[in-house]
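Student: My request is simple: use the sequences and hints to build the entire structure.
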Amino acid sequence: MKRNAVVFVALVVVVMALLATGRYLDRTRKHGPIRLVGNVRGVPAPDFDLLTLDGHKVRLSDYRGKAVLLNFWATWCPPCKVEMPWFVDLQNQYREDGLVVLGVAMDDSEASKIAEFAHEMGVNYQVLLGTDKVSDDYGDVQYLPTTFYIDRNGMIVDKMAGLLSRQEIENDVKKVVNSTYKVNPTSSSQAHAQVRHRAEAEIKPPSKAAAQ
Amino acid sequence: MKRAPLFGLSVLVLAALAVAQGDKQPTVIMAPVGNVPVRAGGSTDLELDFRIDSDFHINSNKPKADYLIPTVLKLSPPEQVLLADVKYPPGQEMSFAFSPNEKLSVYSGDFAINTVLKSPAGAAAGTYPVKGALRFQACDHSACYPPRSIPVQFKVTVVRK
Numbered sequence: 000m001k002r003n004a005v006v007f008v009a010l011v012v013v014v015m016a017l018l019a020t021g022r023y024l025d026r027t028r029k030h031g032p033i034r035l036v037g038n039v040r041g042v043p044a045p046d047f048d049l050l051t052l053d054g055h056k057v058r059l060s061d062y063r064g065k066a067v068l069l070n071f072w073a074t075w076c077p078p079c080k081v082e083m084p085w086f087v088d089l090q091n092q093y094r095e096d097g098l099v100v101l102g103v104a105m106d107d108s109e110a111s112k113i114a115e116f117a118h119e120m121g122v123n124y125q126v127l128l129g130t131d132k133v134s135d136d137y138g139d140v141q142y143l144p145t146t147f148y149i150d151r152n153g154m155i156v157d158k159m160a161g162l163l164s165r166q167e168i169e170n171d172v173k174k175v176v177n178s179t180y181k182v183n184p185t186s187s188s189q190a191h192a193q194v195r196h197r198a199e200a201e202i203k204p205p206s207k208a209a210a211q
Numbered sequence: 000m001k002r003a004p005l006f007g008l009s010v011l012v013l014a015a016l017a018v019a020q021g022d023k024q025p026t027v028i029m030a031p032v033g034n035v036p037v038r039a040g041g042s043t044d045l046e047l048d049f050r051i052d053s054d055f056h057i058n059s060n061k062p063k064a065d066y067l068i069p070t071v072l073k074l075s076p077p078e079q080v081l082l083a084d085v086k087y088p089p090g091q092e093m094s095f096a097f098s099p100n101e102k103l104s105v106y107s108g109d110f111a112i113n114t115v116l117k118s119p120a121g122a123a124a125g126t127y128p129v130k131g132a133l134r135f136q137a138c139d140h141s142a143c144y145p146p147r148s149i150p151v152q153f154k155v156t157v158v159r160k
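Taken in sequence, the protein lines are chains R and H. Just so we're aligned: 25 in numbering that gives the first Met the number 0 is position 26 of the first sequence, and the numbers increase by one with no gaps anywhere. Just so we're aligned: 105 in numbering that gives the first Met the number 0 is position 106 of the second sequence, and the numbers increase by one with no gaps anywhere.
Bear in mind the hints are in silico, worked out from the structure with no lab data behind them. Misleading hints may appear alongside valid ones.
Cut-off 25 Å, straight-line C-alpha distance, at most; resulting in silico cross-link-like pairs (BS3-like, lysine-lysine) [claimed, not checked]:
hint : chain 1 : residue 1 : chain 2 : residue 2
1    : H       : Lys154    : H       : Lys73
2    : R       : Lys112    : H       : Lys102
3    : H       : Lys73     : H       : Lys61
4    : R       : Lys112    : H       : Lys61
5    : R       : Lys112    : H       : Lys86
6    : H       : Lys86     : H       : Lys102
7    : H       : Lys117    : H       : Lys73
8    : H       : Lys117    : H       : Lys130
9    : H       : Lys130    : H       : Lys73
Source: prediction; values computed, not measured.
Tutor: Laid out in structure tokens, this is it:
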């Protein structure tokens, strides 16, 4: 009976701690777009194989040596629509410096509808048809817009979720454009291994030996 | 009986875990509906009440642009019950920080969808489940979530004269 009471109290404490953490994270989120830099900065961007609006296959690794702005968006997302003219401008402004903007459309609708929307928005960059796999690979992208800034070596420099100002976007663009290409790029399998390793490292407590 | 507090606690733990994820998903819930009586050959009005989480808004049934996903109620009643009409509330015209110059037609907070249910004259007396879904697409102050559906269900009791 006494043991049950202890277990009960312990559970209540755990619940209270979880609620407090959740409230803290939620409050942080309300103050502006999430800046989920802790988990992904410096991690190799998972490679993908996606179709363009006209049916061609495109891989992220095709752009190795380029600075990539990878934007997840959808036609039904008004904040995504706000960013699109900025991406058009940035693509024009930084094209000569090696910037490639890729827009991954997470719509369920047909490619022709997405193409029509992109045309109306004056999009001058490559639009790709998103899949569940690419969403999963990039951390279950549900919150749109979400943008990854990937340097010339395929490493994620930053991840931004939610609408930002044009200036904040341009600041991140400058970071990737200013990156230097190294000839020994990380492979996709290495990328996944590193992501897994990081995730495991985050949940494992330090060993006694490491602590000493 | 002894397990009831543990069940309650488990629910609380799961809820806390969901909140602790920090990536709060938009929620829309429907108020429970009691048994709805309808006379065979007659009709009845039924209001379905919904509540949207305070941090979010969803498009109304008539959003301002074709590219936006409207809120839609779909019901699949059995043959003893007919859905004669569905009336959506008008949207609130609101502008948001992400597009201050554009007004969107949205629902936020509480809203109600009014339906009219009919029962054919020859319908057999009995209680029948009506099932369906409310499909919506939610956004917050700076981003949007993929469209989702929540189940809508209630029971209709057909009574003979």
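Student: Between the alpha carbons of Lys112 (chain R) and Lys102 (chain H), is the straight-line distance 25 Å or under?
Tutor: The hint holds at about 23 Å.
Student: Starting from Lys86 (chain H), check that the Cα of Lys102 (chain H) is at most 25 Å away, please.
Tutor: Between Lys86 (chain H) and Lys102 (chain H) the Cα gap is close to 22 Å, so the pair holds against 25 Å.
Student: Hint check: Lys112 (chain R) vs Lys86 (chain H), CA-CA at most 25 Å. Holds or violated?
Tutor: violated (29 Å)
Student: Decide if the proposed pair is consistent with the structure: Lys117 (chain H) and Lys73 (chain H), CA atoms, cutoff 25 Å inclusive.
Tutor: holds (16 Å)
Student: Against the 25 Å threshold, does the CA-CA distance of Lys117 (chain H) and Lys130 (chain H) hold or violate the hint?
Tutor: holds (15 Å)
Student: Is Lys130 (chain H) within 25 Å of Lys73 (chain H), Cα to Cα?
Tutor: holds (9 Å)
Student: Given the hinted pair Lys154 (chain H) and Lys73 (chain H), is their alpha-carbon gap at most 25 Å?
Tutor: holds (15 Å)
Student: Tell me if the straight-line CA distance from Lys112 (chain R) to Lys61 (chain H) falls inside 25 Å.
Tutor: holds (19 Å)
Student: Would the pair Lys73 (chain H) and Lys61 (chain H) pass a check requiring their Cα atoms to be no farther apart than 25 Å?
Tutor: holds (15 Å)
Of the numbered hints stated above, the single one contradicted by the structure is hint 5.
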